[in-house]
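Protein chains: 2
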Amino acid sequence: MKNYNRKEKIFKICNKKIDAILIKNNVDPYIDNNFFYFTDLEEGIFEGCSTILYPEQISELIISELEYESSKKSKDNVNIFNNKMQYDQFILEFLSSSKNIGLNFNNILLKDYVDLQKLLPKAEFYNVSKEISDLRVIKDKNEIDRIKKACNIVDSVMEKIPNMVYKGITENQLAAEIDYSMQKNGAKKTAFNTISSFGKNTAEPHYSHGQVKLKKGYFILCDFGANFRNYNSDITRTFIFGTPNRKQLSMHETIVNAQKIAFNEIKAEVKANKIHDKVYSYIEKTEFKSLFIHSTGHSIGLNVHDIGAGFSPDCEIFLKENMVFTVEPGIYLPKFGGVRIEDDILINKDGFELLTNVSRNLIEI
Amino acid sequence: MKNYNRKEKIFKICNKKIDAILIKNNVDPYIDNNFFYFTDLEEGIFEGCSTILYPEQISELIISELEYESSKKSKDNVNIFNNKMQYDQFILEFLSSSKNIGLNFNNILLKDYVDLQKLLPKAEFYNVSKEISDLRVIKDKNEIDRIKKACNIVDSVMEKIPNMVYKGITENQLAAEIDYSMQKNGAKKTAFNTISSFGKNTAEPHYSHGQVKLKKGYFILCDFGANFRNYNSDITRTFIFGTPNRKQLSMHETIVNAQKIAFNEIKAEVKANKIHDKVYSYIEKTEFKSLFIHSTGHSIGLNVHDIGAGFSPDCEIFLKENMVFTVEPGIYLPKFGGVRIEDDILINKDGFELLTNVSRNLIEI
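Residue numbers (the numbering used here), protein chains in the order written: chain A, 284 to 648; chain B, 284 to 648.
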């Protein structure tokens with residue numbers, strides 16, 4: 284039923300009359316998560332596989348023999364190919380009579396598009412990425428339940444960080460402990476490469492982890508996520524190992540306040556970029572002017588940086604009930620360090636619900 | 284020097300006169316690893332960032348402010364953008380005078396291509412995927428060293444599996460132990476989502492792990508890889524928990540023999556698909572006919588399923604020195620179980636070198 288509704292909706296919100304929508308995976312990691320969204324399959328990788336959605340017919344799954352066992356849970360028609368020629372044959376069989384074909388330009392590789400054009404020279408291809416985004420940015424109950432579980436996992440792991448660290452532990456070792464703890468708590472895998480940075484490395488927002496050993500007075504920045512049944516969470520906390528100095532305290536306080544400013548603004552019907560503007564303006568008025576160098580948050584779901592929206596300067600969509608976002612202000616002082624705090628929230632009738640709840644105020648560990 | 288050589292080579296092997304090559308990342312996981320290949324950067328994610336290579340000029344890096352710290356190790360020209368407009372401005376600045384622009388069709392998203400066409404309406408875009416593949420399939424010393432380290436990590440973890448398992452351990456728990464052990468042994472992250480399957484789940488080649496508890500007589504299939512400084516390894520072993528029955532023994536023996544057949548054939552100047560054909564023909568003559576449902580191996584490097592080649596029916600390239608492959612025959616009997624054994628090898632002057640060495644003959648644990 285759930286799948287059927289998603290499929291119904293996507294054709295309903297397309298402006299043009301679309302005869303079929305093709306979702307095409309390439310090799311891992313070039314997998315379009317919409318394949319899982321529309322099939323509701325959970326296991327398997329489905330490299331090179333496709334699903335074709337129709338407005339009023341059962342979907343066709345075109346999958347490699349390798350994935351046959353994984354596809355058995357599907358309610359769609361399953362078609363098995365052994366080589367590219369057989370794959371192409373299925374595409375011809377299921378799409379030759381479709382004139383207007385929807386493709387997700389945001390996740391299909393150029394090579395696959397070129398191949399499709401050759402195979403179906405009479406077809407017109409339309410970009411349905413925006414429609415898919417509009418659909419996916421609003422989560423249904425099944426999705427929210429999985430995200431909440433993913434959030435519970437990171438909450439319980441973050442709570443243990445003060446007990447995990449000790450003088451001399453390396454960034455790598457802490458990352459290993461974090462990932463292990465997430466999996467022991469039920470994560471299928473990490474949502475992304477865990478960031479566990481110490482000292483001045485915290486000033487590099489996407490630094491992951493290395494051989495640096497923890498020393499007194501260092502920043503500790505932990506940014507990680509859990510994947511639970513294909514849905515993700517994303518949390519960040521920044522601590523100081525030992526007694527913080529004035530600047531560290533001030534950076535931490537600024538970011539806690541910046542996040543509060545976001546929280547005060549987030550509710551349905553507000554424009555997404557307004558949240559970022561408020562946070563950005565606040566930081567620009569502090570001593571940390573010009574050090575907030577990314578967006579205030581992103582939609583999260585099947586993808587960590589999920590499609591559709593974010594608290595970013597360019598995002599003009601209006602917030603709606605059942606959207607899920609991260610809220611993650613941060614400031615980065617080169618050669619000194621960075622502070623970021625990140626939580627996941629669900630927009631609801633009353634404003635929003637915090638999905639991650641571990642203390643945001645803990646500084647010294 | 285190393286980067287310069289890679290860049291020199293790519294322009295040299297292009298048939299057409301190419302004025303510039305643009306490598307464009309989108310959001311994670313739609314990252315083109317060629318960005319790291321040609322910049323030799325290791326840290327950072329570089330979402331939405333690009334590098335532009337020229338035949339006789341220093342490369343341009345176009346990166347978001349967020350990645351500035353991570354880009355500092357680069358020897359290329361670094362250009363920082365804060366929003367899409369600024370990114371576009373750099374593209375115009377660095378590519379307006381280039382007529383023939385090379386793109387990697389295999390890893391660029393259709394959306395990014397459409398944007399580029401609008402931005403540079405006079406440019407001709409050429410697909411340089413094949414040239415990039417031809418270059419990357421042959422590994423240089425720096426790459427081989429990293430792959431060997433990644434292989435050492437999985438070897439030492441696989442060796443510990445017999446001590447990790449016990450009656451009642453779940454697939455999830457074993458996966459957590461494997462991943463933890465890889466990271467403790469120096470992996471930056473797992474190369475891919477670890478497969479740790481028990482019993483009849485082993486018949487599903489891309490099943491990852493779940494709540495199934497280990498029982499006497501079950502198959503245990505462990506397929507995992509380590510990422511070390513952006514390079515990957517990939518290993519698989521299949522065991523039986525307790526005393527194997529006749530069929531299990533026979534499956535295991537068949538696959539050990541199938542791998543030996545591959546090993547006997549692998550050497551420079553042999554066609555890649557010949558390796559697969561030999562292994563396939565052998566299995567077709569056994570009682571497990573028609574149960575070998577995937578290729579015999581794939582190139583491995585910056586990507587797990589690395590570009591350029593594989594021991595697959597369609598791959599007609601000739602093996603060359605310094606190519607790195609996995610060798611992974613497997614058979615899958617639905618509702619009963621599967622056996623796969625996988626090792627990584629480096630083609631050399633004398634045939635090949637095995638990069639993973641943990642016992643292939645251990646059956647009962």
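Rather than coming from a laboratory, the hints here were simulated on the basis of the structure. A quick note: this is a predicted structure, and the numbers were derived from the prediction, not measured. Treat each hint with caution, since some may be false.
Same chains, same names: a pair is fine if it fits in one copy or spans any two.
[As the list claims (entries may be wrong)] Taking lysine-lysine and the DSBU-like style, the derived pairs with C-alpha atoms no more than 30 Å apart in a straight line are:
id : residue 1 : residue 2
1  : 530       : 432
2  : 413       : 358
3  : 632       : 543
4  : 467       : 432
5  : 295       : 496
6  : 292       : 557
7  : 292       : 543
8  : 299       : 530
9  : 401       : 543
10 : 299       : 401
11 : 356       : 530
12 : 432       : 498
13 : 401       : 467
14 : 618       : 405
15 : 355       : 572
Verification of the supplied hints:
1. 530 to 432: Cα proximity of residue 530 and residue 432: none, with 36 Å in one copy and 40 Å across.
2. 413 to 358: within (26 Å within a copy, 38 Å between copies)
3. 632 to 543: Classified as within: same-chain Cα gap 19 Å, cross-chain 63 Å, threshold 30 Å.
4. 467 to 432: Answer is both: 13 Å inside a copy and 27 Å across each meet the 30 Å cutoff.
5. 295 to 496: neither (55 Å within a copy, 44 Å between copies)
6. 292 to 557: Within one copy only: 28 Å inside, 48 Å across.
7. 292 to 543: Classified as neither: same-chain Cα gap 35 Å, cross-chain 53 Å, threshold 30 Å.
8. 299 to 530: Close neither inside one copy (56 Å) nor across copies (56 Å); limit 30 Å.
9. 401 to 543: neither (53 Å within a copy, 41 Å between copies)
10. 299 to 401: both (23 Å within a copy, 22 Å between copies)
11. 356 to 530: between (55 Å within a copy, 27 Å between copies)
12. 432 to 498: This pair counts as between: shortest inter-copy Cα distance 28 Å, intra-copy 34 Å.
13. 401 to 467: neither (48 Å within a copy, 49 Å between copies)
14. 618 to 405: neither (58 Å within a copy, 43 Å between copies)
15. 355 to 572: Classified as between; 22 Å across copies, 55 Å inside a copy.
Figure legend: structure checked against the earlier numbered hints; hints not met, in rising order: 1, 5, 7, 8, 9, 13, 14.
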